[in-house]
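Asker: Listed below, chain by chain, are the residues.
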Amino acid sequence: MRIIVNGESQERDNPLTVNSLLESLDLRSEQVAVEVNLKILDRSNFATWNLKEGDKIEILSFIGGGSLQPRH
Amino acid sequence: MSDHPLPDPLIIAGHEFRSRLWVGTGKYKDFEETRQAIEASGADVVTVAVRRVNITDKNSENLLDYIDPKKYTILPNTAGCYTVEDAVRYSRLARAAGVSDLVKLEVIGDERTLFPDTAGLIEAAKILIAEGFIVLPYTNDDPIVAQKLMDIGCPAVMPLAAPIGSGLGIRNPYNLKIIMETVKVPVIVDAGVGTASDAALAMEYGADAVLMNTAIAGAKDPIMMATAMRYAVDAGRLAYKAGRIPRKLYATASSPIEGML
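Chains as they are written, first to last, in the numbering used here: chain L, 7 to 78; chain Y, 2 to 262.
Derived by calculation from the structure, the hints in this document are not laboratory data. Quick caveat, the model's predicted, so the values are computed rather than measured. Check each hint, because a few of them may be wrong.
Result set (DSSO-like, lysine-lysine): computed pairs, CA atoms no more than 30 Å apart in a straight line [to be verified]: (1) K45(L) <-> K62(L); (2) K59(Y) <-> K30(Y); (3) K28(Y) <-> K221(Y); (4) K59(Y) <-> K72(Y); (5) K58(L) <-> K59(Y); (6) K185(Y) <-> K149(Y); (7) K127(Y) <-> K45(L); (8) K59(Y) <-> K62(L); (9) K45(L) <-> K59(Y); (10) K178(Y) <-> K127(Y); (11) K71(Y) <-> K28(Y); (12) K45(L) <-> K71(Y); (13) K127(Y) <-> K62(L); (14) K178(Y) <-> K242(Y); (15) K72(Y) <-> K28(Y); (16) K30(Y) <-> K71(Y); (17) K178(Y) <-> K249(Y); (18) K242(Y) <-> K185(Y).
So the derived list for chain L, only partly shown, Cβ under 10 Å to chain Y, looks like this [unchecked claim]: (19) E14; (20) Q16; (21) L33; (22) V38; (23) L44; (24) I46; (25) D48; (26) E64; (27) I65; (28) L66; (29) F68; (30) G71.
Yeah, the Cβ is synthetic: ideal placement off N, Cα and C, and Gly gets one too.
Just chain Y, with the same shape it has in the complex (with noise of 0.2 Å):
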């Protein structure tokens, strides 16, 4: 742990991260690729849905074979709930399967954009939080719902860059650096990065995490995609540490006028 590239861990309601890349597990062609791709990844927390076990196939698998509870923090989310007493239930189901009472709160507000419903998620949130779970919610580009969700305790909060699944990137990066500025508790920028760059840019502009899932699993070789990441978001963080030179109009030379000819 002590070699990571990164000068400081990510702390969030008393869980400690080294890696500010944290990745979803959908859309694997099967759970071998899906465990070499988190790994390639460096991620520490990883996310995952909650869903009907099959009951009439014995010989399936479970993604905890592949996924290690001990090594990696599973992260459940109530992706494809579009009601708050939906998001409610997957939210107790997924601390019952589990071991920890972090959730990823998603309240979906519409089928094509997948935007989150966030006076749904505000209203889930506050029910969940006082039954003792960790809400780190999925939530819009909106510093005002940042706000509001940070003030009923959530100990982070994840707005999108883009619609889930996009690859658009970063949309309204003005909007995020007001949530990054405002919020004083971790912002975990989730959804819509597409290749390394976006992920980089997101960690230049301050955000603390970085959550893909389609940018990784959707590319050709998505294991290579995971290291590309795992490179952007370390490389990224540094130089938001490393404080970046004003940007000016004109030149200013690097190589001294003194001692020419």
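The following block holds chain L by itself, in its conformation from the complex (with noise of 0.2 Å):
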């Protein structure tokens, strides 16, 4: 199935969990917050939640950051 993870189209193997992706990605789920469809999931979740074929999934984690910069 075609899933889409940051803006990427991406392949996947269906059934596909959250956490399956996370793992896939080398990412820990305690450090990100996973958006699927704009909706946030609670990180309980994420070993149970099947993604489907033409989810928008958004990753999102903390980075370093006071104030932005101006653009200009």
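Now that you have both chains on their own, put them together as the hints suggest.
Answerer: Structure below.
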């Protein structure tokens, strides 16, 4: 199935849970937030949540930041 | 902890902090420099941003591998959000990515100044407070807005000293003093500090804490500047608590006249 992860289209085996997706990307579930089709998932659902064809997944994490620099 | 030079901790919504210097984690050369600067600053509160992870580079490291969330209070911000919707969305993502309900709420009004959109800020704060967030709002040096933010349930307010990253120091000391006098929640001066004396001054005015990023990360030697800021904030706080002498136009002798020849 095709899913979109952080804006990038990917071909993936079905079924695929959020946990398996994170594992395949070497990401630790306790360090990320996951949004599927604009819905934020609770971390406790990562193991059971099955992704579907066409899902748009956003994986976010904390990065260095005070406040954003002006762009110009 | 007991050997900390400051007599009293800062308490916000049940969270207790010894250090009154809060630091950002942006603009450092690498994570190792970030780690060292934060350690030198003595800060307990560390701000972070929330962004997409790099899924193409599997070797990319995570900031939290360098900043232990057990040792520091991680304060996610909504930097880069220009609308209420974005700020609310990023706050929810931050809560999902982290472990607490704390958020440093920013709703930015303009790219050149990065001044807060205070109308949007109040609106977003109301939504988030209703969802159980502990909202620490990055606001203008406007006493009325600060009052409103307190009234809707923000447990602290974070007025700017000057534009983010500008290093201009405290542009409007009188407004900040009015905020400190009128607002009954902790006031954290956020953004615009350039050097140690700016931070000391904010604390001497009665700020409860100072938050900075660029002044440390952008210094030629960030780790040394982090140390300078630590002393400045401690010194400013102690001077405030000690109570300065009144200003007088003429001299007052400090040595006795009695006993002179």
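Asker: Look at each hint and say if it fits the structure.
Answerer: Results for each hint:
1. A threshold of 30 Å between alpha carbons decides the hint, and for K45(L) with K62(L) the separation of about 10 Å falls inside it, so the pair holds.
2. In summary, the hint linking K59(Y) to K30(Y) is supported, as the alpha carbons are separated by about 20 Å, within the 30 Å threshold.
3. Using a Cα cut-off of 30 Å, the hinted pair K28(Y) and K221(Y) holds, with the two alpha carbons roughly 12 Å apart.
4. Between K59(Y) and K72(Y), the direct Cα distance comes to roughly 26 Å. Compliance with the 30 Å bound is thereby established for this hinted pair.
5. As the CA atoms of K58(L) and K59(Y) are separated by approximately 24 Å, the hinted pair is consistent with the 30 Å bound.
6. Distance restraint check for K185(Y) and K149(Y): the Cα-Cα separation of roughly 11 Å lies within the 30 Å cut-off, and the hinted pair is therefore satisfied.
7. This hinted pair checks out: K127(Y) and K45(L) have alpha carbons roughly 21 Å apart, not beyond 30 Å.
8. A threshold of 30 Å between alpha carbons decides the hint, and for K59(Y) with K62(L) the separation of about 20 Å falls inside it, so the pair holds.
9. Simply put, K45(L) and K59(Y) have alpha-carbon atoms about 25 Å apart, close enough for the 30 Å limit, and the pair holds.
10. Between K178(Y) and K127(Y) the CA atoms are separated by roughly 25 Å; this keeps the pair inside 30 Å, and the hint holds.
11. Using a Cα cut-off of 30 Å, the hinted pair K71(Y) and K28(Y) holds, with the two alpha carbons roughly 23 Å apart.
12. Between the alpha carbons of K45(L) and K71(Y) the distance comes to roughly 28 Å, so the proposed pair stays at or under 30 Å and holds.
13. Proximity of K127(Y) to K62(L) is assessed by CA-CA distance (about 29 Å); at most 30 Å being required, the pair is judged to hold.
14. Note on K178(Y) and K242(Y): the hinted pairing holds, with a Cα-Cα distance of about 15 Å set against a maximum of 30 Å.
15. The hinted pair formed by K72(Y) and K28(Y) meets the criterion: a straight-line CA distance of about 22 Å does not exceed 30 Å.
16. Only pairs whose Cα atoms come within 30 Å are accepted, and K30(Y) paired with K71(Y) is accepted, the gap being roughly 24 Å.
17. Taking the CA atoms of K178(Y) and K249(Y), the gap is about 21 Å. The hint holds against a cut of 30 Å.
18. For the hint linking K242(Y) to K185(Y), the alpha-carbon distance of about 17 Å falls within 30 Å, and the restraint holds.
19. Annotation: E14(L) was flagged as interfacial toward chain Y, and the flag holds, the nearest CB pair being 7 Å apart, inside 10 Å.
20. A least Cβ separation of about 9 Å between Q16(L) and chain Y falls short of the 10 Å threshold, and the interface hint therefore holds.
21. Below 10 Å, beta-carbon pairs count as interface contacts, and L33(L) has one with chain Y at about 6 Å; its hint therefore holds.
22. A hinted interface residue such as V38(L) counts as satisfied when its beta carbon comes closer than 10 Å to some beta carbon of chain Y; here the least separation is about 6 Å, so the hint holds.
23. Hint status for L44(L) relative to chain Y: holds, with the closest Cβ pair at about 8 Å, below 10 Å.
24. The closest approach between the C-beta of I46(L) and any C-beta of chain Y is roughly 5 Å, which is under the 10 Å cut-off, so the hint is satisfied.
25. For D48(L), the interface hint holds, the least distance from its beta-carbon to any beta-carbon of chain Y being 7 Å, beneath 10 Å.
26. At about 7 Å, the closest approach between the beta carbon of E64(L) and any beta carbon in chain Y falls short of 10 Å, and the interface hint on this residue holds.
27. Checking I65(L) against chain Y by beta carbon gives a least distance of about 5 Å; that is within 10 Å, so the hint holds.
28. Of the supplied interface hints, the one on L66(L) holds, with its beta-carbon coming within about 5 Å of a beta-carbon of chain Y, less than 10 Å.
29. Annotation: F68(L) was flagged as interfacial toward chain Y, and the flag holds, the nearest CB pair being 4 Å apart, inside 10 Å.
30. For the restraint placing G71(L) at the interface with chain Y, the shortest Cβ-Cβ distance is roughly 3 Å, inside the 10 Å limit, so the hint holds.
Of the numbered hints stated above, none is contradicted by the structure.
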